[in-house]
Amino acid sequence: MSIVVSGVSKRFNDFVALDDVSIDVAGGSLTALLGPSGSGKSTLLRVIAGLERPDAGTVMISGLNVTGRPPQERGVGFVFQHYAAFKHMTVWDNVAFGLSIRKRSKAEIEKRVAELLELVQLDGLSKRYPAQLSGGQRQRMGLARALAVDPEVLLLDEPFGALDARVRKELRAWLRRLHDETHTTTVIVTHDQEEAMEVADEVVVMNRGRVEQVANPRDLYEHPASEFVMTFVGQANRLGDAYVRPHDLEVVLEPNGATREAMIERIVHLGFEVRVDLVREDGEPLSVQLTRDEAERLELDSGQIVFVRPTRQTTFS
Amino acid sequence: MVGLRLVALAYLAIILLGPLAMVFWRTFEHGFHNFWSTLSQPSTVHAFEMTLLITAIAVPLNTVFGIVCALAIVRKRFPGKGLVNAFVDLPLALSPVVVGLALFLLYGRGGWFYHLFADRGISILFALPSMVLATVFVSLPFVAREVVPTLREIGDEQEQAAHTLGASGWQTFRRVTLPSIRWAVVYGVVLTTARCLGEYGAVAVVSGRIEGKTETATLRVQDQYENFNLAGAYGISLVLATIAVCVLVAMTMLRPREGASAR
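Chains A and B are the protein sequences, given in the same order. The numbering of the first sequence is my numbering, which starts it at 57 and goes up by one. The numbering of the second sequence is my numbering, which starts it at 2 and goes up by one.
Since the hints were derived computationally from the structure, they do not count as laboratory data. Any given hint might turn out to be false.
Stated by the list, open to error - Simulated pairs of lysine to any residue, SDA-like, Cα-Cα distance not exceeding 20 Å:
id, chain 1, residue 1, chain 2, residue 2
1, A, K143, B, V99
2, B, K77, A, D111
3, A, K143, B, V187
4, A, K183, B, S181
5, A, K143, B, Y12
6, A, K167, A, D111
7, A, K143, B, I15
8, A, K143, A, L189
9, A, K143, A, G131
10, A, K143, B, N35
11, B, K77, A, N263
12, A, K183, A, T238
To be verified - Computed beta-carbon distance windows for the label pairs:
id, chain 1, residue 1, chain 2, residue 2, range
13, A, D70, B, P80, 13 to 23 Å
14, B, P80, A, S282, 49 to 59 Å
15, A, W230, B, L179, 45 to 55 Å
16, A, G83, B, L179, 30 to 40 Å
17, B, I211, A, K159, 46 to 56 Å
18, B, Y12, A, R222, 44 to 54 Å
19, A, E129, B, L255, 54 to 64 Å
20, A, G180, B, L129, 53 to 63 Å
21, B, L179, A, G180, 52 to 62 Å
22, A, D76, B, S96, 14 to 24 Å
23, A, P92, B, S96, 50 to 60 Å
Claimed, not checked - Short derived list, chain B residues pointing at chain A, Cβ under 10 Å:
id, residue
24, H116
25, R121
26, I123
27, E158
28, E160
29, S169
30, G170
31, P180
32, S181
On a predicted model such as this, the values are computed, not experimentally measured, just so you know. Ideal Cβ placement from N, Cα and C applies to all residues, glycine included.
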């Protein structure tokens with residue numbers, strides 16, 4: 057059930073989408089491919105699914121070299137960002153599609169589809185057409201359809217990207233629970249670092265067709281391997297050669313040797329946390345994250361001159 | 002808005018309905034008898050049989066070709082694709098008479114393909130094969146032209162989804178692509194059928210217009226007109242027009258019912 061990608065490259069005309077990419081996805085894990093648009097993450101997922109043919113390199117699924125095989129022979133389940141629902145079929149027929157292609161018995165299809173529709177909470181809507189469903193319902197149908205054929209690996213291409221924030225959060229938690237129950241090897245593509253951190257065991261950060269870092273969410277944040285990861289995963293301020301996370305900056309009212317002067321531009325209250333936007337003497341912006349209590353104790357106000365000191369910083373050679 | 006609608010209706014009435022009404026009126030001006038006597042002539046019956054036979058061959062051929070061609074244009078990348086795309090439209094731009102003449106030059110005495118068939122005793126010109134070829138040529142673009150924009154609009158994600166779910170190319174076509182483009186295909190078939198039924202110029206050139214042998218219904222109209230049997234000419238025209246209208250009505254009757262249950 058593992059996925060091993062070795063040395064995969066893919067170009068579209070002059071654009072290098074993947075440049076010698078190798079990753080290992082452990083069987084039963086939930087891995088996120090994270091990166092900005094154009095980083096190659098979706099192309100990599102499509103290469104794993106067989107929807108895109110790599111120019112070089114190999115793809116192994118469950119120890120089998122599937123590089124030359126078409127998608128229908130790879131045993132993958134694929135979930136599309138824009139659902140790719142079969143518009144002329146009911147929810148039931150959409151979910152049953154893979155099973156009926158495999159010529160399973162009628163009784164088996166009935167049982168399995170009913171099970172899956174219950175799992176994705178669409179059991180009351182089986183006779184509806186995709187056009188009669190909300191975005192969230194359509195994507196749950198897409199998931200049920202992909203799961204129906206018991207795929208060895210489940211591949212999701214920005215599955216919640218087209219949904220509104222609340223539904224996205226719900227489905228994210230639901231996907232994690234589903235994975236904890238089924239343990240199907242899952243790869244999810246996302247450009248949302250919060251989504252990747254929340255849902256995945258392991259995050260592969262991609263940039264310009266290359267893998268920047270592979271790590272669990274905590275290590276990724278605490279020990280970023282490059283400037284790109286530092287700034288893409290979580291926020292970071294630049295202080296000379298060093299990078300500092302907004303919560304690793306201390307704000308004091310009196311200067312001492314190690315502090316730098318800055319003016320408060322804006323104070324944003326975000327519930328428990330308070331974000332303070334500052335401008336340094338040299339005009340560079342700084343962002344500091346404080347708890348509400350700290351902010352209240354310091355009695356900060358916009359226009360005020362304060363002094364900041366990094367408590368923890370990272371430099372890259 | 003009301004003014005615009007009136008203008009549109011008046012235009013349609015003058016251009017389309019007027020001539021049709023006139024044909025109808027002239028057909029039955031002197032009673033039902035004239036109409037029936039022309040239609041029951043063996044040569045007229047044969048002419049209709051020819052038209053229907055040619056249509057029955059040309060429409061399935063062009064439907065299959067049109068769908069395959071549209072799939073190639075929209076879904077595949079190959080050298081010369083732009084050329085194929087342009088050539089599909091050629092029959093729309095070319096006068097049917099020119100098409101007929103081209104076939105004449107190709108299959109006639111001295112033409113490239115003359116010996117290929119003549120030596121085997123197969124007649125192409127002045128016989129059914131050339132009439133079918135001419136009709137296939139002039140009615141070629143309609144299915145492809147209807148299907149291409151629909152294929153573009155639905156995109157290929159549904160097809161990719163079907164592939165990942167284990168469907169082969171043919172299964173994907175039959176169960177996903179074809180149902181999605183079915184109305185474009187139906188509309189293309191209707192247009193193709195109408196074009197085949199009405200074809201005159203190209204067939205006139207290649208058929209030789211032999212009464213009772215290579216005469217189609219439209220040629221028969223011209224023939225009757227030239228022989229001063231105006232009522233007969235009108236009668237055959239009316240039947241042709243009626244078939245065309247029936248095909249259109251059948252399509253519009255089918256469409257909303259199916260559409261309502263599928264959406």
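Against the structure, the hints:
Note on K143 of chain A and V99 of chain B: the hinted pairing is violated, with a Cα-Cα distance of about 44 Å set against a maximum of 20 Å. For a cut-off of 20 Å, the pair hint linking K77 of chain B to D111 of chain A stands: about 18 Å separates their Cα positions. About 18 Å separates the Cα atoms of K143 of chain A and V187 of chain B, which keeps this hinted pair within 20 Å; it holds. As the CA atoms of K183 of chain A and S181 of chain B are separated by approximately 19 Å, the hinted pair is consistent with the 20 Å bound.
This hinted pair does not check out: K143 of chain A and Y12 of chain B have alpha carbons roughly 38 Å apart, beyond 20 Å. Proposed proximity of K167 of chain A and D111 of chain A is contradicted: the alpha carbons are some 42 Å apart, above 20 Å. Between K143 of chain A and I15 of chain B, the direct Cα distance comes to roughly 41 Å. Violation of the 20 Å bound is thereby established for this hinted pair. About 11 Å separates the Cα atoms of K143 of chain A and L189 of chain A, which keeps this hinted pair within 20 Å; it holds.
For a cut-off of 20 Å, the pair hint linking K143 of chain A to G131 of chain A is broken: about 23 Å separates their Cα positions. Between the alpha carbons of K143 of chain A and N35 of chain B the distance comes to roughly 53 Å, so the proposed pair goes past 20 Å and is violated. Between K77 of chain B and N263 of chain A the alpha-carbon distance is near 30 Å, which puts this suggested pair outside the 20 Å criterion. Straight-line distance between C-alpha atoms of K183 of chain A and T238 of chain A comes to about 26 Å, which puts the hinted pair past the 20 Å bound.
Range check, D70 of chain A to P80 of chain B: Cβ separation about 19 Å, and the 13 to 23 Å hint holds. A hinted range of 49 to 59 Å for the beta carbons of P80 of chain B and S282 of chain A is inconsistent with their spacing of about 42 Å. Evaluation of the 45 to 55 Å hint for W230 of chain A and L179 of chain B yields a failure: the beta carbon distance comes to about 35 Å. For G83 of chain A and L179 of chain B, the hinted distance range of 30 to 40 Å is satisfied, since their beta carbons lie about 38 Å from each other.
Hint check: I211 of chain B to K159 of chain A, Cβ distance near 55 Å, so the stated range 46 to 56 Å holds. Remark: the range hint 44 to 54 Å for Y12 of chain B to R222 of chain A is upheld by a beta-carbon distance near 53 Å. Hint check: E129 of chain A to L255 of chain B, Cβ distance near 38 Å, so the stated range 54 to 64 Å is violated. For G180 of chain A and L129 of chain B, the Cβ-Cβ distance of about 59 Å falls inside the hinted range of 53 to 63 Å, so the restraint holds.
Taking the beta carbon of each, L179 of chain B and G180 of chain A are about 30 Å apart, not inside 52 to 62 Å as hinted. Judged by the Cβ atoms, the range 14 to 24 Å given for D76 of chain A and S96 of chain B is violated: they are separated by roughly 58 Å. In this structure the supplied range 50 to 60 Å holds for P92 of chain A paired with S96 of chain B, their Cβ-Cβ distance being about 56 Å. Taking 10 Å as the C-beta cut-off, the interface hint given for H116 of chain B is violated, the closest approach to chain A being about 46 Å.
Evaluation of the R121 of chain B hint against chain A yields a violated restraint, the C-beta minimum of about 43 Å exceeding 10 Å. A hinted interface residue such as I123 of chain B counts as satisfied when its beta carbon comes closer than 10 Å to some beta carbon of chain A; here the least separation is about 43 Å, so the hint is violated. With a cut of 10 Å, the hint placing E158 of chain B at the interface with chain A holds, because the nearest CB-to-CB distance is about 4 Å. Hint status for E160 of chain B relative to chain A: holds, with the closest Cβ pair at about 9 Å, below 10 Å.
With 10 Å as the threshold, the beta carbon of S169 of chain B comes within range of chain A, its nearest partner Cβ sitting at about 6 Å, so the hint holds. Look at G170 of chain B: its Cβ gets to within about 9 Å of chain A, closer than 10 Å, so that hint holds up. Given the 10 Å rule on beta carbons, the hint for P180 of chain B holds: about 4 Å separates it from the nearest Cβ of chain A. At about 6 Å, the closest approach between the beta carbon of S181 of chain B and any beta carbon in chain A falls short of 10 Å, and the interface hint on this residue holds.
Violated hints, in rising order: 1, 5, 6, 7, 9, 10, 11, 12, 14, 15, 19, 21, 22, 24, 25, 26; the structure is consistent with all others.
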